[in-house]
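S.K.: One-letter residues, chain by chain:
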Amino acid sequence: MLKYFVKRLIMMIPMIVFISFLVFVALDLTPGDPLTAQFSPESISGLTHEQLDALREEAGLNDSLVVRYLRWFGGVLKGDFGYSIQTGTPIGSIIANLLPATIYLALAALVLSVLMGLLFGILSAIKHNTIIDYLSSLFGVIGISMPEFFIGILAILIFAIQLKWFPAQGRTEIGATFWVNLKYILLPALSLGLALTAALTRYTRNSMLDVMNKNYVKTARAKGLSEWKVFYRHVFRNALMPISVLICLRLPMLIGGSVVIEQVFGYAGIGSRLLTAINSNDYQLVLSIIFLLSIVSLLSSVLIDLITGLLDPRVRYN
Amino acid sequence: MSENKDILLSIRNLKTHFHVRKRVIRAVDGVSLDVRAGKTLGLVGESGCGKSITAHTILRLLPKTARIKDGEIIFHSRKRQPVDLLKLQPSGKEMRGIRGNDISMIFQDPMSSLNPVYRIGDQIVESILEHENTTRAEAMERALEMLKRLSIPSAEKRIREYPHQFSGGMKQRVMIAMGLICNPELLIADEPTTALDVTIQAQILELMQELQRQLGFTIILITHNMGIVADVADDVAVMYMGKIMEFGSKEDVFLRPSHPYTRALLKSVPVLGNSGRDLLEPIRGSTPDPSDLPEGCSFAPRCDFAKPECGQAIPYVDVGNGHLVRCVLAEGREVRDGQ
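As you go down the protein sequences, you meet chains F and Y in turn. The first sequence begins at 1 in the working numbering and counts up one residue at a time. The second sequence begins at 1001 in the working numbering and counts up one residue at a time.
Isolated chain F (complex conformation):
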């Protein structure tokens, strides 16, 4: 089993190279270059072609695509992500500053949506075809079909501006007390996790109902087990396998969603930084961030295999 996972991890490397190269090419194809984004049109039009060229040469922008890509990738291998073209700060330090905040947000969203999704899903499975079930279906449809940014704006309007329960913008720094932390993280995390919560609610419900009709659940009842034991030992334990796959599959979407949610909530994280980097054609920074996010996505697909193997004895990797 260990061998299988080492192999999976090694197979990630060419995929990461491929993804980062694709992003590199895509960025190169967009109109403009880092210089045009950095300076105002007026100051650029004041420069001569030679001066512009010298600036480009200085930033290494005149080299061919492959050379620039290899230069960047070589640096990454040495742990050097290079510098932001726009601000000149080392990308390593930008990431170190902002990534933890994004991971914190994504984890908060994950924990909240797993707890809520499982709870609603289990409730509607137990009470299926009752008003509780219908309400949670309605919630599921709304949650799945509404985009995150809209949910976020709605949440700010209602809970921050109208009711004034939560701050509308910003995040806490490390060291803030639990309650202050909770106040700041709750709205963005709930908005980010809503789609996952809704999907999990539906999925948990269906998965539970599916397992409840299995013959081995009848066997468990025939042993004289209490309904509660039948439920958690036999029904929930088996329903958990497809549910955990869904959670892992959705992990990259949480990170991706944070790009939008961070922007909406003025939350200083790697996601909102990615947006400004894209707008200013700061390709080094964009690449580095995409690079990290693609590693997260690939790791979560390995995680699916790992969890499936742990939960389901029929799945063994040889």
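These are calculated hints, taken from the structure and not from any lab test. Owing to the predicted nature of the structure, the values given are computational and were not obtained by experimental measurement. Any given hint could be a false lead.
Cross-link-like lysine-lysine pairs, in silico, DSS-like; alpha carbons within 25 Å at most [claimed, not checked]:
(1) Y:K1079 - F:K127
(2) Y:K1267 - Y:K1307
(3) F:K78 - F:K7
(4) F:K214 - Y:K1093
(5) F:K229 - F:K214
(6) Y:K1064 - F:K214
(7) Y:K1064 - Y:K1087
(8) Y:K1022 - Y:K1069
(9) Y:K1039 - Y:K1079
(10) F:K127 - Y:K1022
(11) Y:K1064 - Y:K1022
(12) Y:K1039 - Y:K1064
(13) F:K214 - F:K183
(14) F:K229 - Y:K1267
(15) Y:K1093 - F:K229
(16) Y:K1079 - Y:K1093
(17) Y:K1093 - Y:K1015
(18) Y:K1039 - Y:K1069
(19) F:K127 - Y:K1093
(20) Y:K1022 - Y:K1079
(21) F:K229 - Y:K1064
Some chain Y residues close to chain F (C-beta under 7 Å, calculated; not the full set) [as the list claims (entries may be wrong)]:
(22) R1096
(23) M1105
(24) D1109
(25) S1112
(26) S1113
(27) L1114
(28) V1117
(29) S1127
(30) E1130
(31) Y1162
(32) H1164
The C-beta atom is built at its ideal place from N, Cα and C for all residues, glycine as well.
With chain F's structure known, arrange chain Y on it following the hints.
M.R.: Then chain Y, alone, in the frame of chain F:
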């Protein structure tokens, strides 16, 4: 069916109906049976005749759409006062104390009846730990002993394996081990061999009979296979559309079948050892809609001997030795319904 000390379970006028989209399906409609202690009762009938629902009603394992309309199921246990199982709460403590402990059940499809995520040892032990005050290690020891009794090769190793590592026949052995682990008085086997191939069928049935001789439990064997009943049953109940048509000892029912349905059934299935002198005769027509059963005898529309009287309520007639027949043609002492 008189009151008798040898009776372990007596079912009287059991009616289990299903309510499906405003239609009422009378799956079990007035079943009366006596199950003799230590013997094997074969409950035979076509699929859909209500034999499985009867078994599930005994253990109170019915789906939510089912309603028990009438009747009683008295369980004369050695360990406790006689109790009417229909008076207990289906998932209450008392019923759960009986389920898997005094009465256990094995199902048709061993492939899907074991939980795929637990080791089979753990699944067997679960029953013991639920009903008795023992340690896990002791329970495991007993489970191992039971697996050996069921001739599962290298049981020490296999007890730690998962269901998917077992073949169908081996899985059914595990199910039987699970059913017998708490030393029940009654084992209900619902088509235990239907999903298995024929050679394995014989092995499983033999094993069940051997264990019955050793441990002395009673079996209700539900099957649609006349050959199996002829092989292993002591008493036979023939069921059709929710009612028992004929009930008696195996010899009486097979050698002196008195209900036209039983006779038609025996003619329509091959019995092992029949050298092919007689051609098989199918029963004409098809089973009536269970939500719209005819009055009186529900077999009358397909019966070659039907008379106008068949449309009225038909009592059981004892044609001798407790051999009961629900037919207007039968001659003998009339008994009140099921008494």
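S.K.: Which hints, by number, does the structure contradict?
M.R.: Per hint list: 1, 12, 13, 14, 18 and 20 violated.
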